[in-house]
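Knowing the structure of chain A, use the given hints to seat chain B with the ligands on it.
Those protein sequences? They're chains A and B, same order as listed.
Numbering-wise (my numbering), the first sequence opens with residue 158 and increments by one.
Numbering-wise (my numbering), the second sequence opens with residue 230 and increments by one.
Simulated from the structure, these hints should not be mistaken for lab results.
Be a bit skeptical, because a hint or two may be false.
[Unchecked claim] With a straight-line cut-off of 20 Å between C-alpha atoms, the simulated SDA-like cross-links for lysine to any residue are:
#1 B:Lys244 / A:Asp236
#2 B:Lys624 / B:Ala612
#3 B:Lys920 / A:Gly286
#4 B:Lys235 / A:Glu196
#5 B:Lys639 / B:Gly697
#6 B:Lys920 / A:Thr285
#7 B:Lys920 / A:Gly198
#8 B:Lys658 / B:Asp938
#9 B:Lys244 / A:Thr285
#10 B:Lys244 / A:Gly286
#11 B:Lys625 / B:Glu657
#12 B:Lys578 / B:Asp365
#13 B:Lys398 / B:Lys578
#14 B:Lys652 / B:Met839
#15 B:Lys920 / A:Val216
#16 B:Lys629 / B:Leu680
#17 B:Lys920 / A:Glu196
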Amino acid sequence: MNISLNLNGTATDWEVAPGQTLLQALRASGAFSVKLGCETGDCGSCTVLLDGQPVNSCVVPAARVNGSRVTTLEGLLGDDLMIRLQTELVEQGAVQCGYCIPGMLISLYALLKQGPPIDEETIRHALTGNLCRCTGYVKPVEAARAVAAVLEETS
Amino acid sequence: MKVVGKNVIKIDAFKLARGEPVFTDDFTRQGMLYAKVLRSPHPHARILNVDAAAALKLDGVVDVIWHRDVKAIPHTRAGQSYPEPSPYDTLILSPKARFIGDRVAVVVAESVAQAIAALDHIVVDYEELPALTDMDQSLTNSEILIHEEPDPRGISEAGMTNIAARIDKQVGDVEAALKECDLVVTRDYHLPRVQASHIEPHISIAWVDEDDRLIVRTSTQVPFHLRRMLARILEIPEARIRVIKPRVGGGFGDKQELVVEDLVGVLALRTGRPVRLEFTREEEFVAARYRHPQRVTMTTGVMKDGTIVANRMYVLADTGAYGSHALTVQGNTGQKVLPMYPVANIHFKMDCVYTNNPISGAFRGYGAPQGCFALECHMDEVARELGMDRLELRKKNHIKLGDTDPLSAKLGEGKEGLVRVVKSTGLEKAIELGCEAIGWGNKREPSAAHLKRGLGMALAMQGSGIAGVDWGGATVKLNDDGSVNLSVGATDIGQGSDTVLAQMCAEELGIPYEKVIILSSDTDLTPFDVGAYASSTTYISGGAVVKAAAEVRGQLAGVLGSHWECEPEDIVFSDGMVTGPGDQSMTIAEVALFALYKAMIQPMATASHMSNDSPPPFAAQFAEVEVDTETGQVHLCRFVSAVDCGTVIHPKMVEGQIEGAVAQGMGYALFEEVLLDRTGRVLTPDFLDYKIASSLDVPEMVTILVPTDEPTGPYGAKAAGEVPIDGPAPAIVNAICDAVGVRMFRIPATAERVWRGLKEETR
Ligand code: FES
Ligand code: FES
Chain A
158 MNISLNLNGT
168 ATDWEVAPGQ
178 TLLQALRASG
188 AFSVKLGCET
198 GDCGSCTVLL
208 DGQPVNSCVV
218 PAARVNGSRV
228 TTLEGLLGDD
238 LMIRLQTELV
248 EQGAVQCGYC
258 IPGMLISLYA
268 LLKQGPPIDE
278 ETIRHALTGN
288 LCRCTGYVKP
298 VEAARAVAAV
308 LEETS
Chain B
230 MKVVGKNVIK
240 IDAFKLARGE
250 PVFTDDFTRQ
260 GMLYAKVLRS
270 PHPHARILNV
280 DAAAALKLDG
290 VVDVIWHRDV
300 KAIPHTRAGQ
310 SYPEPSPYDT
320 LILSPKARFI
330 GDRVAVVVAE
340 SVAQAIAALD
350 HIVVDYEELP
360 ALTDMDQSLT
370 NSEILIHEEP
380 DPRGISEAGM
390 TNIAARIDKQ
400 VGDVEAALKE
410 CDLVVTRDYH
420 LPRVQASHIE
430 PHISIAWVDE
440 DDRLIVRTST
450 QVPFHLRRML
460 ARILEIPEAR
470 IRVIKPRVGG
480 GFGDKQELVV
490 EDLVGVLALR
500 TGRPVRLEFT
510 REEEFVAARY
520 RHPQRVTMTT
530 GVMKDGTIVA
540 NRMYVLADTG
550 AYGSHALTVQ
560 GNTGQKVLPM
570 YPVANIHFKM
580 DCVYTNNPIS
590 GAFRGYGAPQ
600 GCFALECHMD
610 EVARELGMDR
620 LELRKKNHIK
630 LGDTDPLSAK
640 LGEGKEGLVR
650 VVKSTGLEKA
660 IELGCEAIGW
670 GNKREPSAAH
680 LKRGLGMALA
690 MQGSGIAGVD
700 WGGATVKLND
710 DGSVNLSVGA
720 TDIGQGSDTV
730 LAQMCAEELG
740 IPYEKVIILS
750 SDTDLTPFDV
760 GAYASSTTYI
770 SGGAVVKAAA
780 EVRGQLAGVL
790 GSHWECEPED
800 IVFSDGMVTG
810 PGDQSMTIAE
820 VALFALYKAM
830 IQPMATASHM
840 SNDSPPPFAA
850 QFAEVEVDTE
860 TGQVHLCRFV
870 SAVDCGTVIH
880 PKMVEGQIEG
890 AVAQGMGYAL
900 FEEVLLDRTG
910 RVLTPDFLDY
920 KIASSLDVPE
930 MVTILVPTDE
940 PTGPYGAKAA
950 GEVPIDGPAP
960 AIVNAICDAV
970 GVRMFRIPAT
980 AERVWRGLKE
990 ETR
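Isolated chain A (complex conformation) (with noise of 0.2 Å):
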């Protein structure tokens, strides 16, 4: 089946097989950011945004985002906050093993795009479905204080 869609800005079409799923088609597409931890909807490693909302690719079946804006770390690579996060994230050690780390991103971006009011609950709740085995998600939380207190600051 062919597919059109916005991927990371630039309009796209895709062959996609029955049963692929988001993940698969992003990753067989380049977008190695991407990562596979379960692909059952339960560790995050492949979250992406979906028309602007995050999502598991994994359980997302690739023919759902005909017509969809999809966008994975790579797209955001020049964006301003996604920066701030990966500096910040990088700046306190919250990366370790960093498969993590792009599910991670995603998903925080997606709470720090919302603006503030972020405190330390709300990041915690944001990041639950990123499981991730190194860091104890101590580091990675911190970091993300310190970038919504900079937004806070700056709004």
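Just chain B with the ligands, lined up with the frame of chain A:
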């Protein structure tokens, strides 16, 4: 120090945060095939025949292999130094399935979907055999033998019983000593089967290159061991194999094992095409490795004044269908744990049995979390029976500076060990700071009437590498611009070893950290290293880096000494500058140019490092819980870790290690358990049923680093990766007992179990 001890940017962090294609799977090759494993539906069965004719007719299916197609070369899949202290009880594909999920056949096809579809069309003729899935039954039953074949090596009682490994070691005379004690306390502790749950699954891609060499790109902790093991079981020379480790999405011990690499190797050689095999999450739960489930019986003899006189630990453990790491994990349960209280009489005995359950293996802590749980819960039990304060009991008896680890000489890595004396310890300080941070002795009020608060603590120690066994190499090469190529066999699996090693290299050469270009773990390009396990990298591989860098510095000092007409020893390397005793000075880049173009030498050195010591890092960990007396629900409010890992090379990364370990340890204490049915079938094969800590579960964490100066470590460093996972479970369970008076002898302490305990208490 200029670089060591600083929070430099983790060397790979930006590329990871940009989602660059750096993991094993972020890579394809022309004509790649996809493999899938057909797994046994029976816990114990002979595989009489595999009929793949129908599968082979399907679109895209290229090949199907089963045990007839591969030579039977018994081996262990444990990624350990040669000769491995694990039994050679495994074949690539065996004529017998030994657990539900054991390999039966492997399909390769043009796509994953085609490979999966083909699995249903393979017809297998099984002869079912009676199975053993209970470790007590395995211990006594010798009618049913899980490994009865005559050829395996290294099984404790091959062909006679189901015992994979045994240890029975004693110092002093425990039996006699117990008779003299004022009080003897004996308890059983039950430890569950838990899973490492690294988020990146096992994955491996192999191909044969234009020089007819087998290239294996794989998510592993042990690239060099893999090369050796693959050469033997694939029967090709090591020279024809190259193992490349890209970024790894977590390992925690589960990748200290040959889990998928042999299959992609066999299939790439057979088909001549690149072959990829990736585990599904379900396969992770069924066919990767577990922390060994154990029952630990602790007996302690103590005098009225709290002096511990004797400790006995008996461990019964379930290795599952194969015995990788059976001897050494269980050995560690005693060896890494009992020395915390270095009393004159210690008896450690363990039986590790085969069952028809999924396979146990290495998981961060490597036996110590089980032993530490038993011992540290037991200390609270002893204190309670004795009517003594539990902190005082520990303070009175714990190991101190200058003490000899009483078990070290008797118990090494599957053989006699080397005597270990404590040359650095921050344990006293850690206890003091930890107590202060948690508010020991003044419990806060619970937040509601049906809630009760409690505090608990645990002490832990581990090692830094395996004494006399672990070693690693490092090469340092100076370039024209003063940058340095550092290549190491050491394996960065996300813990940050590349960064730590680059810091040490920069420090030793007196250059900025940014000048170090690191390459790690490529068997063609880097020196050897045993790999990332046993908390060895900072201490052991770091030692090699420091030596190699010092040698390069010596070479440069030699060249400049003759040029400047001064003693080489008087030349100082610091801040990217090299200065002589007069007013001579050059930048490191000028020195490099001078060496390369005037003196015409390549400043370069390779060094190896091994240690006959394995200095223990120490941890004192404290939990504050709130228990709901109506539901049994435990809320972990705060957790304090005070850790002595010697000199801290990178504070934030060490904190990160500790915080991650606390999250894993809290899961062990409160909710993680892989459940099996009576046939050994996994009932919890996904993250919905097997819960790991999320951002909402983890407590407020306080992490305190207690630096010491370890005389045998590079810059005084010891290990940090494993010790913090030992204490959380006992500290949490001790806190539960403090809150509601219920002792959880079995973890995880789920709400249901605590609730049951509360009911019994009131009855
Ligand atoms: S891979 Fe999609 S949620 Fe885990
Ligand atoms: S950093 Fe490894 S899973 Fe999060």
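Subject >> Hints breached by this structure >> reply: Numbers 4, 9, 10 and 16 - these are the hints that the structure violates, sorted from lowest upward.
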